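Visitor: Residue numbers (full-length UniProt numbering), protein chains in the order written: chain A, 1 to 368; chain G, 1 to 357; chain H, 1 to 719.
Just so you know, the hints here were simulated from the structure itself, not pulled from any lab data. This one's a predicted model, so the numbers in the text were calculated from it and none came from an experiment. Do not take every clue at face value.
[As the list claims (entries may be wrong)] Straight line, CA to CA, 30 Å or less: simulated DSS-like cross-link-like pairs of lysine-lysine: (1) A/Lys105 to G/Lys113; (2) G/Lys257 to H/Lys476; (3) G/Lys154 to A/Lys107; (4) G/Lys201 to H/Lys527; (5) H/Lys467 to G/Lys328; (6) G/Lys113 to A/Lys291; (7) A/Lys365 to A/Lys187; (8) G/Lys7 to H/Lys527; (9) A/Lys270 to G/Lys293; (10) A/Lys187 to G/Lys293; (11) A/Lys344 to G/Lys176; (12) A/Lys365 to G/Lys7; (13) G/Lys170 to G/Lys201; (14) G/Lys328 to H/Lys469; (15) G/Lys66 to H/Lys476; (16) G/Lys293 to H/Lys459; (17) G/Lys257 to H/Lys459; (18) H/Lys469 to G/Lys257; (19) G/Lys204 to A/Lys301; (20) G/Lys79 to H/Lys476; (21) G/Lys293 to A/Lys301; (22) H/Lys353 to H/Lys476; (23) G/Lys81 to H/Lys469; (24) A/Lys301 to G/Lys176; (25) G/Lys293 to H/Lys527.
[Unchecked claim] Covered by chain A, according to a simulated footprint, are these stretches of chain G (three or more residues, beta-carbon under 8 Å): (26) 38 to 48; (27) 53 to 62; (28) 177 to 185; (29) 195 to 204; (30) 303 to 309; (31) 314 to 320.
[Claimed, not checked] Away from chain A, derived, C-beta distances all over 12 Å, residues of chain G: (32) Trp4; (33) Tyr8; (34) His17; (35) Leu26; (36) Lys68; (37) Gly101; (38) Ser237; (39) Pro268; (40) Arg270.
Yeah, the Cβ is synthetic: ideal placement off N, Cα and C, and Gly gets one too.
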Amino acid sequence: MFLKPQTTKAAPKHTVDPANQPWVEKYRPKTIDDVSAQEHIVAVLQKTLTSSNLPHMLFYGPPGTGKTSTILALSRQLFGPDNFRNRVLELNASDERGIAIVRDKIKNFARQTPRAQTVASDGKVYPCPPYKIIILDEADSMTQDAQSALRRIMETHARITRFCLVCNYVTRIIEPLASRCSKFRFKPLDTSSTSLRLQHISSTEQIPVSLPVIDTLISVSGGDLRRAITYLQSASRLSSSTSPPTEITSQDIHEIAGVIPNPVINSFAKVLGVDIIDDSGMDVDDGGRAKGFDAVRGKVKELMREGYSASQLLSQLHDLIVPHPTLSARQKSQCAMVIAEADKALCDGADEELWVLEVALKVHKFLA
Amino acid sequence: MSLWVDKYRPRSLDDLHYHAGLSARLRSLAASGDFPHMLFYGPSGAGKKTRITCTLRQLFGPGAEKLKIDQRVFMTPTKRKLDVNIVQSNFHIEITPSDVGIYDRVVIQEILKEIAQTQQVDLNARQRFKVVIINEADSLSRDAQAALRRTMEKYMSNMRIILCANSTSKLIAPIKSRCLLMRVAAPNTAEMQTCLQYVAKREKFDLPPEAAEEIIQDANGNLRKALLVLEALKMQSPDLTGPLAIAKPDWETYCNKVADMIVQEQTPSRVMEVRAKFYELLSHCIPPTVILKTVAERVVERVDESLKADVMHWAAIYEVRMRVGSKKIFHLEAWVVKIMSLYKQFVFGFSMDDFEA
Amino acid sequence: MGRLFILSENQTVAGLGRSTAGLLETPVHKLKEQLSEETAIRLSRPVAAQAAAVATGTLDDQLWVDRYRPKRFMELLGDERVHRETMSWLKEWDYCVFGKRRGLKAKKPSEENPLYRDEYRRPQEKILLLSGPPGLGKTTLAHVIAHQAGYDVLEINASDARSGQVVDDRIKPALETGSAVGSKRPVCVVIDEIDGATGAGDGGAGFVFKLISLTFDRGKKRNRAGEKRDSKGKRPLLRPIICICNDLYASSLTKLRQHSHIVRFTRPADIYLSKRLREICDIEGLRADSRALTALVGLSRGDIRGCLNVLQFIKGKNQDVTENVLREAAAGMKEGDGSFTTVLGNLFAPLSKKRVKDLAMNELDESRYVGRLSRDLEASDSLDKIAWGCLEHYTNLRQSDPSLMRHQKANDWLTTYDILSGTMWSEREFAIMPYLTYMLVPFYPLFQERGGGRVDRPKAGWENSVKTKANEEIYKSLARCVRTTSNNQSVVYRHLMSNDILQLEFAPLINRIISPPLRPVNSQVIKPVERALLQRLVEIMVSLELRFVQETAEDGQLVYRLDPPIDVFVTYDGKRAADIPVSRYATRHLVAGEIDALLIARQAEAVEKGKTKTLDFFRGATTHEEADEVETPESRDIDGKLMKSNEAQTSQAKKRPADKIDIADKPPVDFFGRPIVMQTHTTADIPGERPQKKFRVSYRFNEGNSAAVRKPVKVAAFL
């Protein structure tokens, strides 16, 4: 497993310049042992490698925790590079996945009896169990109809086909499907393993990244390893594109992630009447709590002109208020309520300025 | 010869008047050969499109400005035919999803697949990839965004996507994390002043700073609007002297009139008059959200301090309801009645609770 | 057979004598004879007939509705004026259908209306539209009078498909052959339930459209072509068409209404109905007290079909007709019937005393409104329309409510209704449907008022959407203009074309940009400042493809209209914005002239350029860049030509001012253009001031661009 020979044969239609290849793809785990921080799942799946018995599976959990990587790595290990093509069908949301496709493509694939071919071209022996795997990535975006159509297919072809559903929200999978699968919950990655992984990548790519930067990456991405890696790649692109390559700073990471700089949030909060205890002790503008409606509205307008995204603004405001040392619990909960309402409205497509203003006015009132 | 908005639109990154840091970054990215997917966001009129065009020019040279418009036919899964106008050059292709309504997913998938499968044939081309620009990306349906997600990774080798949106709130997280975010803030007053004076100088007339100041105030960070207003002003009173009347768009004036009506009188018959006015506005294709916001802003200016927060609160509430519902006028009217009722209660000093009891 | 309801002889004579002397195929005296004969027969053996019917029972399997359907004009029940109106319309066809033999009498109406002349002497409206609530006998009327007037009926009803196809396949052949298969009588097409189930998916619009074109357009063509029928089988409509509908205002009938003679049915007086029911009961041997029958009529609101069904039902159970039995049998009948206007009215007004009595409700029942109204609403099947109606009506009520509390609540219900129904349609969650009705019921407790004024049919929403569509079209045409220009010229306005920007910023401001304060003076004597202004204006307008198009207004004056008419976007409530000066005719004339001059100049330039470039190309010296330069003006040229061929009207309008430029040194024109137009034509033609441009062919190679126009050209053309 460790001496993985270079697969020269695998040259698909889209040859990707390795320099341009997304690191997310480049550093996808090759074996399930490489999967970060999901020990339980890895332990269970290890067994299937030896026993060659696999149930239908349902992987769920927040984005970027390695669901797709795990199943891809597993099937690669099961079938080897040669059989991978004809034994595994991977479908995701960018493919057409209406009920018609389920009826034709998936059913046809499920029906075929796999050919036994255990000797791989690279001379390694793969277990190559007598079934095929159908991976339905982002299964929660499938329609109800399509999911119902799957029910029967899963049962009738269970002998020769295994399904693996991958989704973020297990509640969006209809119950009959979920009950046919053994469920695996992927938990958000802990800081240490994310940090290790990022350091590994940065050392392989030979870019100097300091520890604080990695910490920033982790906090910004919130347990989503894919986001962290993507940000890291973007940052390294930016830094290397300037004529003398500059070092990556935490500020770059913030900017790439669309995070609003702290001073901006702080001054907004201050207008709303939240006391800011700054590490630096000093604050830039000493406006303090605004007097009335017009001041609050002025501030909101100013923020909107800067083009910050409303949902980001609200979530950062939330992160500021909730752990705040001097506000009372009641005030905090009131603020959280109104922020939650606004988030719902924004999801429904409401106007950003109106709702930021609404939150600002409400918070301003609660803290009076 | 054309409108100033177009005539003085910067064509290359070096011509840009503000956000120098951003321009520098774009320039270096374009030069590096490792160009990522990008998402430009910021308020309307801040210059997102301009920056995108400039970046393209930087990437591909002047060839990117040779545009042609194709009419393409797409088939929906339900076998309906869609005619879509597509703007493209040899190096890039531009889509506006709102043109195709609910079928945006089909169109986007088709176009992206097609682009991804064609290699750049021109050996002299500066870049090996083509660029797909998606305008108004925040109006993409969830489906279409989900479809984009995987495609962005898969076809990285010969395609880059540039999204252009007013806000990132309506984009799903996977898309945001796959793009390099580029925030284009609205120009501040000084920057706008520079731009206006630049245009005035090139047009060989004298723009009094006070006049410019007034235009800028009115435009609220929207440079495009400022330039249009300037040109209108210049057309209407060529010497730009004397008291300047900034031409507010007519719908805005009309909205203000509606707001005044609401504050003046609160009766059912007034509600009916206001409704007629709303109909007039809606039939002029003014988006209902804009109507509600503009009227609310004006009402807020004319009521007592203690009512202001309530007015905005209900505006926010009814605005989101309006999005969910389908008959816009219902919600506009509900808001008006609400505000009238509030106003009356305030004036006569009795509260809603007394009535309910 | 029952021919039962016969008006007294006096009435008949009076009725016929008054107005319909020439309308009946059988003369009055004969009819009278017939009548008296029949009466005699009937009187002689009423009991016998009745006994026979009951005893044999052979007829019992027939619905009473059919058995007692009137067979003759005289048997018809209801408003006689309606019947006569229908009949006289049908009689107007006589000249056309039956020829002169009977036409002599039918001439009268066309003489009355000297303005209208039809070569076939057909009535002015070629379609008759009968409308009214169900069960009043519209279909029967149509059949009866058609027979009476000597026609055979071809009936198309809801069971037939309603598509344009049907018009072609069934109606047209029938109308053209003039008579049904195997019959000598001419055919009369009766289209029943035309507002009802339409299959084509377009709400029947296609069907109705075809129908209208059948009558209207063709008739016109015939007028021009003269007497002879042309060989292509395009024949005028020579047979009457009768359409029947319940809801006259159904959206699919909008077009039809304008082209048809509309006859409205009203409910016949209760007394006639109950009299008729009485007679039927007598024949059928059903014992009935007249109070019960009156109650039945009241219950059914004049729907005689419903009454007969109920009676037959009672008869089947061998019961006597008493009020209680009736109530039992009629349970559910007509409950929640009716068009949405009735339901809407019910929402805002309590039940009338009479209705309460008819339904035999007590105080408690009357106060229970929720179930009753929601049932009504559910049955009405047009909740959206009712919601619109509520919106438009509620502000008329409770004007004195000081805090607007009721209105506020009403609005809460309305918005909730909208959110629910919006979700229902967009998510296809039809499980929500049952709840929707309850969203509108609260209007009753909030606003019900006796005599609160009639509730009008909601129309503002519809009007608004029509207007919005028209304006959207204008936006689109503006966007299209801009798009084509940015295709052809080096100007890029595309970034202005996204919807919001277009509507909110571009449209109002461009209107101001194109209306500078110009004085209407001759372009030769203009001041330099103004000349610059004018020049700039012209250039902007050309670059946006905005034009002033000359048109004749309704009062005969010539006006210049902006095309596309983007000035609607600064026009609110019919008034233009105050800060935009009204551009006068003369100014626009001046500008239009300048625009055309510029276009002509550009064209000429393009041709010149094209020539040299072509030569260059053949020498093999062109580079791509040069070729692209050519593209710009030349494709404009092509555009111009296409436009000319397509829209003859606009090109004419364009040409005329173009010629005027050539006489620009003449004194300024007055406002009435006609003589001047004549003049210009002569001046332009005779001296041949404008060089006759030869048509040149150029070929350009345009890398990767398929927009070039290809046409076969001989090599000689290039040399």
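Visitor: Could you run down the list of hints and mark each one as holding or not?
Guide: So, going through the hints one by one against the coordinates:
Restraint check for A/Lys105 and G/Lys113: satisfied, since their Cα atoms lie roughly 19 Å apart, inside the 30 Å limit. Taken as a hint, the G/Lys257 and H/Lys476 pair is honoured in the structure, with Cα atoms around 28 Å apart against an allowance of 30 Å. A hinted pair counts as satisfied when its Cα atoms are at most 30 Å apart, and G/Lys154 with A/Lys107 qualifies at roughly 25 Å. Restraint check for G/Lys201 and H/Lys527: satisfied, since their Cα atoms lie roughly 23 Å apart, inside the 30 Å limit.
Distance hint between H/Lys467 and G/Lys328 is fulfilled; the C-alpha atoms sit about 15 Å from each other, no more than 30 Å. A C-alpha spacing of about 55 Å is found between G/Lys113 and A/Lys291, which places the hinted pair above 30 Å, so the restraint is violated. Pair hint A/Lys365 plus A/Lys187 does not hold up; C-alpha atoms about 38 Å apart against a cutoff of 30 Å. A C-alpha spacing of about 26 Å is found between G/Lys7 and H/Lys527, which places the hinted pair at or below 30 Å, so the restraint holds.
Taking the CA atoms of A/Lys270 and G/Lys293, the gap is near 26 Å; set against the 30 Å cutoff, the hint holds. This hinted pair does not check out: A/Lys187 and G/Lys293 have alpha carbons roughly 43 Å apart, beyond 30 Å. At roughly 19 Å between alpha-carbon atoms, A/Lys344 and G/Lys176 fall within 30 Å of each other, so this suggested pair holds. With a CA separation close to 48 Å, the supplied pair A/Lys365 and G/Lys7 exceeds the 30 Å bound.
Between G/Lys170 and G/Lys201, the direct Cα distance comes to roughly 40 Å. Violation of the 30 Å bound is thereby established for this hinted pair. Taken as a hint, the G/Lys328 and H/Lys469 pair is honoured in the structure, with Cα atoms around 15 Å apart against an allowance of 30 Å. Simply put, G/Lys66 and H/Lys476 have alpha-carbon atoms about 24 Å apart, close enough for the 30 Å limit, and the pair holds. For the proposed pair G/Lys293 and H/Lys459, the alpha carbon gap of about 27 Å is at most 30 Å, so the pair holds.
Under the criterion of a C-alpha separation no larger than 30 Å, the hint pairing G/Lys257 with H/Lys459 is consistent with the structure, at around 24 Å. Among the hinted pairs, H/Lys469 with G/Lys257 is consistent with the structure: their alpha-carbon atoms are about 25 Å apart, no more than 30 Å. Restraint check for G/Lys204 and A/Lys301: not satisfied, since their Cα atoms lie roughly 34 Å apart, outside the 30 Å limit. A threshold of 30 Å between alpha carbons decides the hint, and for G/Lys79 with H/Lys476 the separation of about 25 Å falls inside it, so the pair holds.
For the hint pairing G/Lys293 with A/Lys301, the CA-to-CA distance comes to about 13 Å; that is within 30 Å, so the pair holds. Taken as a hint, the H/Lys353 and H/Lys476 pair is broken in the structure, with Cα atoms around 55 Å apart against an allowance of 30 Å. With a C-alpha separation of about 22 Å, the suggested pair G/Lys81 and H/Lys469 falls inside the 30 Å cut-off, and the hint holds. Our distance criterion of 30 Å between C-alpha atoms is met by A/Lys301 and G/Lys176, whose separation comes to about 24 Å.
For the hint linking G/Lys293 to H/Lys527, the alpha-carbon distance of about 45 Å lies beyond 30 Å, and the restraint is violated. Given a C-beta distance limit of less than 8 Å, the hint that chain A covers the stretch 38 to 48 of chain G holds, as 4 residues qualify and 3 suffice. Residues of the stretch 53 to 62 of chain G lying with their CB closer than 8 Å to a CB of chain A number 0, which falls below the three-residue condition for coverage. For the stretch 177 to 185 of chain G, the stated coverage by chain A is satisfied: 7 residues place a CB nearer than 8 Å to a CB of that chain, which reaches the threshold of 3.
With a cut-off of 8 Å between beta carbons, the stretch 195 to 204 of chain G has 0 residues touching chain A; three or more are needed, and the interface restraint is violated. Here the stretch 303 to 309 of chain G counts 3 residues with a CB under 8 Å from a CB of chain A, which clears the bar of 3, and the coverage holds. For the stretch 314 to 320 of chain G, the stated coverage by chain A is satisfied: 4 residues place a CB nearer than 8 Å to a CB of that chain, which reaches the threshold of 3. Once the 12 Å rule is applied to beta carbons, G/Trp4 is consistent with being away from chain A; the minimum gap is 22 Å.
A cut-off of 12 Å between C-beta atoms confirms that G/Tyr8 is not in contact with chain A; the least separation is 22 Å. For G/His17, the condition that its CB be more than 12 Å from all CB atoms of chain A holds, with the nearest at approximately 17 Å. Taking the minimum C-beta to C-beta distance to chain A, about 10 Å, the non-interface status of G/Leu26 is violated against the 12 Å cut. Listed as a non-interface residue, G/Lys68 keeps its Cβ farther than 12 Å from every Cβ of chain A; the least gap is roughly 27 Å.
In this structure G/Gly101 is separated from chain A by more than 12 Å, as the shortest Cβ-Cβ distance comes to about 15 Å. Every CB of chain A lies more than 12 Å from the CB of G/Ser237, the least distance being 29 Å, so the non-interface label holds. At roughly 27 Å from the closest C-beta of chain A, the C-beta of G/Pro268 stays outside 12 Å, upholding its exclusion from the interface. With a least CB separation of 24 Å from chain A, G/Arg270 remains clear of the 12 Å interface cut-off, as annotated.
Of the hints listed earlier, those the structure fails to meet are numbers 6, 7, 10, 12, 13, 19, 22, 25, 27, 29, 35, in rising order.
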